[in-house]
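A.B. asks: Protein chains in written order, with the numbering used here: chain W, 1 to 337; chain G, 1 to 337; chain C, 1 to 337.
The set of hints was computed from the structure by calculation and includes no laboratory data. Glycine included, every Cβ here is placed at the ideal spot set by N, Cα and C. It is possible that part of the hints are untrue.
[Stated by the list, open to error] If you anchor each label on the Cβ, the simulated ranges turn out as follows:
id	chain 1	residue 1	chain 2	residue 2	range
1	G	GLN31	W	SER108	43 to 53 angstroms
2	W	ARG313	C	ASN43	55 to 65 angstroms
3	C	THR48	W	ASP308	28 to 38 angstroms
4	W	LYS32	C	THR4	55 to 65 angstroms
5	W	GLU131	G	LEU47	41 to 51 angstroms
6	C	LYS110	G	SER108	43 to 53 angstroms
7	W	THR327	C	GLU333	14 to 24 angstroms
8	G	ASN187	C	ALA279	17 to 27 angstroms
9	C	THR48	G	GLU63	32 to 42 angstroms
10	G	GLY98	C	PRO97	53 to 63 angstroms
11	C	PRO97	W	PRO20	50 to 60 angstroms
12	G	LEU47	W	THR327	30 to 40 angstroms
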Amino acid sequence: MTLTLGEIARHIKAELYGAPEYEIHAINTLQKASTGEISFFSNRRYLTWLKSTTASAVILSKEDRELCPTATLVVDNPYLAYAFTARLLYPEPEHKPGISSSAHIDPSAKIHSTAFIGPHVTIGTDTIITENVFIGAGSVIGNNVIIGTNSKLYANVVMYDGVKTGERVILHSGVVIGADGFGIANNKGRWVKIPQIGSVVIGNDVEIGANTTVDRGALDNTIIDDGVKIDNQVQVGHNVHIEEHTAIAGCVAIAGSTRIGKRCIIGGACGISGHIEIADDVTLMGMTGVANSIKESGVYASVIPAMDVKLWRKNAVSFKQLHTFATRIRKIEDNNQ
Amino acid sequence: MTLTLGEIARHIKAELYGAPEYEIHAINTLQKASTGEISFFSNRRYLTWLKSTTASAVILSKEDRELCPTATLVVDNPYLAYAFTARLLYPEPEHKPGISSSAHIDPSAKIHSTAFIGPHVTIGTDTIITENVFIGAGSVIGNNVIIGTNSKLYANVVMYDGVKTGERVILHSGVVIGADGFGIANNKGRWVKIPQIGSVVIGNDVEIGANTTVDRGALDNTIIDDGVKIDNQVQVGHNVHIEEHTAIAGCVAIAGSTRIGKRCIIGGACGISGHIEIADDVTLMGMTGVANSIKESGVYASVIPAMDVKLWRKNAVSFKQLHTFATRIRKIEDNNQ
Amino acid sequence: MTLTLGEIARHIKAELYGAPEYEIHAINTLQKASTGEISFFSNRRYLTWLKSTTASAVILSKEDRELCPTATLVVDNPYLAYAFTARLLYPEPEHKPGISSSAHIDPSAKIHSTAFIGPHVTIGTDTIITENVFIGAGSVIGNNVIIGTNSKLYANVVMYDGVKTGERVILHSGVVIGADGFGIANNKGRWVKIPQIGSVVIGNDVEIGANTTVDRGALDNTIIDDGVKIDNQVQVGHNVHIEEHTAIAGCVAIAGSTRIGKRCIIGGACGISGHIEIADDVTLMGMTGVANSIKESGVYASVIPAMDVKLWRKNAVSFKQLHTFATRIRKIEDNNQ
Numbered sequence: 001m002t003l004t005l006g007e008i009a010r011h012i013k014a015e016l017y018g019a020p021e022y023e024i025h026a027i028n029t030l031q032k033a034s035t036g037e038i039s040f041f042s043n044r045r046y047l048t049w050l051k052s053t054t055a056s057a058v059i060l061s062k063e064d065r066e067l068c069p070t071a072t073l074v075v076d077n078p079y080l081a082y083a084f085t086a087r088l089l090y091p092e093p094e095h096k097p098g099i100s101s102s103a104h105i106d107p108s109a110k111i112h113s114t115a116f117i118g119p120h121v122t123i124g125t126d127t128i129i130t131e132n133v134f135i136g137a138g139s140v141i142g143n144n145v146i147i148g149t150n151s152k153l154y155a156n157v158v159m160y161d162g163v164k165t166g167e168r169v170i171l172h173s174g175v176v177i178g179a180d181g182f183g184i185a186n187n188k189g190r191w192v193k194i195p196q197i198g199s200v201v202i203g204n205d206v207e208i209g210a211n212t213t214v215d216r217g218a219l220d221n222t223i224i225d226d227g228v229k230i231d232n233q234v235q236v237g238h239n240v241h242i243e244e245h246t247a248i249a250g251c252v253a254i255a256g257s258t259r260i261g262k263r264c265i266i267g268g269a270c271g272i273s274g275h276i277e278i279a280d281d282v283t284l285m286g287m288t289g290v291a292n293s294i295k296e297s298g299v300y301a302s303v304i305p306a307m308d309v310k311l312w313r314k315n316a317v318s319f320k321q322l323h324t325f326a327t328r329i330r331k332i333e334d335n336n337q
Numbered sequence: 001m002t003l004t005l006g007e008i009a010r011h012i013k014a015e016l017y018g019a020p021e022y023e024i025h026a027i028n029t030l031q032k033a034s035t036g037e038i039s040f041f042s043n044r045r046y047l048t049w050l051k052s053t054t055a056s057a058v059i060l061s062k063e064d065r066e067l068c069p070t071a072t073l074v075v076d077n078p079y080l081a082y083a084f085t086a087r088l089l090y091p092e093p094e095h096k097p098g099i100s101s102s103a104h105i106d107p108s109a110k111i112h113s114t115a116f117i118g119p120h121v122t123i124g125t126d127t128i129i130t131e132n133v134f135i136g137a138g139s140v141i142g143n144n145v146i147i148g149t150n151s152k153l154y155a156n157v158v159m160y161d162g163v164k165t166g167e168r169v170i171l172h173s174g175v176v177i178g179a180d181g182f183g184i185a186n187n188k189g190r191w192v193k194i195p196q197i198g199s200v201v202i203g204n205d206v207e208i209g210a211n212t213t214v215d216r217g218a219l220d221n222t223i224i225d226d227g228v229k230i231d232n233q234v235q236v237g238h239n240v241h242i243e244e245h246t247a248i249a250g251c252v253a254i255a256g257s258t259r260i261g262k263r264c265i266i267g268g269a270c271g272i273s274g275h276i277e278i279a280d281d282v283t284l285m286g287m288t289g290v291a292n293s294i295k296e297s298g299v300y301a302s303v304i305p306a307m308d309v310k311l312w313r314k315n316a317v318s319f320k321q322l323h324t325f326a327t328r329i330r331k332i333e334d335n336n337q
Numbered sequence: 001m002t003l004t005l006g007e008i009a010r011h012i013k014a015e016l017y018g019a020p021e022y023e024i025h026a027i028n029t030l031q032k033a034s035t036g037e038i039s040f041f042s043n044r045r046y047l048t049w050l051k052s053t054t055a056s057a058v059i060l061s062k063e064d065r066e067l068c069p070t071a072t073l074v075v076d077n078p079y080l081a082y083a084f085t086a087r088l089l090y091p092e093p094e095h096k097p098g099i100s101s102s103a104h105i106d107p108s109a110k111i112h113s114t115a116f117i118g119p120h121v122t123i124g125t126d127t128i129i130t131e132n133v134f135i136g137a138g139s140v141i142g143n144n145v146i147i148g149t150n151s152k153l154y155a156n157v158v159m160y161d162g163v164k165t166g167e168r169v170i171l172h173s174g175v176v177i178g179a180d181g182f183g184i185a186n187n188k189g190r191w192v193k194i195p196q197i198g199s200v201v202i203g204n205d206v207e208i209g210a211n212t213t214v215d216r217g218a219l220d221n222t223i224i225d226d227g228v229k230i231d232n233q234v235q236v237g238h239n240v241h242i243e244e245h246t247a248i249a250g251c252v253a254i255a256g257s258t259r260i261g262k263r264c265i266i267g268g269a270c271g272i273s274g275h276i277e278i279a280d281d282v283t284l285m286g287m288t289g290v291a292n293s294i295k296e297s298g299v300y301a302s303v304i305p306a307m308d309v310k311l312w313r314k315n316a317v318s319f320k321q322l323h324t325f326a327t328r329i330r331k332i333e334d335n336n337q
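Whole structure, please, built from the sequences with the hints as guidance.
C.D. replies: Take a look at the structure:
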């Protein structure tokens, strides 16, 4: 797709310093962009590249305009404006409706005529595939599932029986929604499996990354609210409730029955215990361990950052004595008074 | 399914305070249960809900009976009794035997007439599928595999060549059993792949959660003993041996050649080094790092819990000096004597 | 396959102490090897087993020869020699070329006549499958993909549109290459998805373990260079660049736009932040958290090892006061002077 700088500026509400009729056909990094390509500047560590960019135009903030050697589109939030520009230049391709001859669809399932069902897809009884849904090759959709309009499942997604999604949901390959939660009761040293009779309910505009798993509830449902974005390889335990517009980076583990509030940002590889609550607007730095409820919004962390292994060995040993330091320092302070 | 309170009480060996002929058709949480539904009380944090429950009956301990406004079933272990009740009310649905016309099965494979083989399944040479096995859509079973009776594989499971399972094994979607272990030898800065010629042997009554991976052994087999329960997204390295009735929560990483004893409980997102041994009856709290063998049963932990990011920054810096604190405190103590 | 000790010794350039015509048909551990089987000794913790081995021959270092009760093959690096011996005794089975009748292949795709395309595979438009490539059952290959010669994809691998691999690449089951990176921009509390228009480029001789995910780039490509080995359940974020001959153990999380140098060894379950650089020849111990660039080669660590939970509780509490210890000790030292 080709757009003029004027069209882009109007779309992102930018002040344009450059020729409005100039044609842009691609977006690229400051480093690599060339003639006919637009770029953006939102991270000061790439300042050198801004100064030497060969992009035809750059989206940036007012205070950086003078540093840029080419046409500029001035906005308040260049990263967001980049997002809108990229969506304009690279619209999601429309799929052709139709059902692959190799798909295996139960006669009781209702597939809307605008939906696309890929090769080797399996769809169970009484499942409803609504308007404009795309189901990639090899995906397996259980019984009594409802997939909301304009949703897209990439290849090899699995949805267990009874799962429901809202509209415009995106599920990437390898996602498994609705597998049994980890419900076991101990009977004299042996485990008794507890039937997981809840389901999973996913809201509108949710995106879930590759190989992420969301377990079905034990009794109630596991719930993911509108606008939640989840990256790859995240584990969401049974009866977890993730509230609106929270974003969760890759490899996070969320144990059962925990509630995560609205607009949280969970960094990669965090571990969150079960049966706790995390307030709205909480940010967790990567690899944070959360063992107890977090009741106030704010930024939290707990990871010990990498250090030379020799230093680490000494410190790790000292860590085991850490509680003695507190009492010993106190005692010295008392004696010294 | 509908059962009377009397039938349930007999099944879970409960003392019933209520009408034995009262009919129960579902199980639900204390909060949500309504007429005709049974619930249970095993976690004191939900005491408010017990007192106000609208369930028709509640499974609980003797000491809590007076707090409950409705019929009660008194048992020693309410959580276990809930498990048994749920299994009674929600029996695993029986599958119809049969082989989907879209399954691709090698003529040398032996499929028992009571087995179900779903759509788009692939089964390799000389593989044996025994009585009453269920293989979900899209699963791929290699050559020379044996799957024990009454086992259930959900959709899109992969078993590599030569893998063997016991009876009543449950494998959830996305599970991969028998991929090559991470065996590489360094040759002047380049890696040489080592053939992984062992296999994976899984015992009876093992359940493995969605997207978990269990690698085949390098020479010997990787072994998972009877009654082991593994949650989602766990990685089990080559030649690991997990002994009977151990439970492993989600996102745990277990490196190669490690042995985990009987009846252990491994919390979520733990990391366990290779070539070590963990004794029987060890419990690891979530996110614990295990670098050395654990020789005694007990509870272990190591995670630093989340704190405000400003506090964390100061403490993380101090951590690097931790070993100096020990010597400095000792010196002060010596001088002060 | 059966080989003589003489043939093996020549292949691994070993000094043979034993009968060159003796026939070996298998490789096994020191513990389990019996007549006709060869073993190796490279880890001193298994010394007892060396002394009592019933293997017919053992690959080992010069200094260990006297301890071994049977024929020996003396080399400088027994582990590497074991790798070469195993490759000799267990060559990768050759596949028959051919396309399964149940595969769904777009007419515009080019499949080389020597390639094998398994059951229920889907291949998109304009994709190129080169000589001797093996694609396992249920794999889904998008549009405009190129898979280099002699590559092997196990069952249920997914490659999104536009992904390119080099030669001799191995992708294990459940691998997802080229799913969208986690690119979202915040717009007044809601997330706007950013199109991920880069791709993934994988070099020669790369192996990627089961259920690992490698995201496509936002603008540029995500790049994995020649000889990189990645274990299971690793997450590689968008625009990550992993340089030659780096090995990454299971469950590592690598956030976006990070560069990892050549010949690094990343232990299991490490977490690596985005937008940082890790120098060549860096080793990370398992569960290390890397928040900042590592500029010098060396060994790094940060995990707190497991301890008794009572001790841990006290130390975890003290950790929150850690920064006060530094100042208090300093103050005492100053006063004591």
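A.B. asks: With reference to the structure, classify each hint as holding or not holding.
C.D. replies: Against the structure, the hints:
Separated by about 33 angstroms at the C-beta atoms, GLN31 of chain G and SER108 of chain W break the suggested range of 43 to 53 angstroms. Between ARG313 of chain W and ASN43 of chain C the beta carbon distance is about 21 angstroms. The supplied range of 55 to 65 angstroms is therefore violated. Remark: the range hint 28 to 38 angstroms for THR48 of chain C to ASP308 of chain W is upheld by a beta-carbon distance near 35 angstroms. Our hint of 55 to 65 angstroms for LYS32 of chain W and THR4 of chain C holds, since their Cβ atoms are close to 57 angstroms apart.
Look at GLU131 of chain W against LEU47 of chain G: about 47 angstroms separates their beta carbons, and that is inside 41 to 51 angstroms. Roughly 32 angstroms separates the CB atoms of LYS110 of chain C and SER108 of chain G, a value that falls outside the hinted 43 to 53 angstroms. Distance hint check for THR327 of chain W and GLU333 of chain C: the Cβ-Cβ separation is about 18 angstroms, which falls inside the suggested range of 14 to 24 angstroms. Between ASN187 of chain G and ALA279 of chain C, the C-beta spacing of about 22 angstroms keeps the proposed range 17 to 27 angstroms intact.
Distance hint check for THR48 of chain C and GLU63 of chain G: the Cβ-Cβ separation is about 54 angstroms, which falls outside the suggested range of 32 to 42 angstroms. Between GLY98 of chain G and PRO97 of chain C, the C-beta spacing of about 33 angstroms breaks the proposed range 53 to 63 angstroms. At roughly 57 angstroms, the beta-carbon separation of PRO97 of chain C and PRO20 of chain W lies within the given 50 to 60 angstroms, and the hint holds. Between LEU47 of chain G and THR327 of chain W the CB atoms are about 36 angstroms apart, so this pair conforms to the stated range of 30 to 40 angstroms.
The earlier numbered hints that this structure contradicts are 1, 2, 6, 9, 10.
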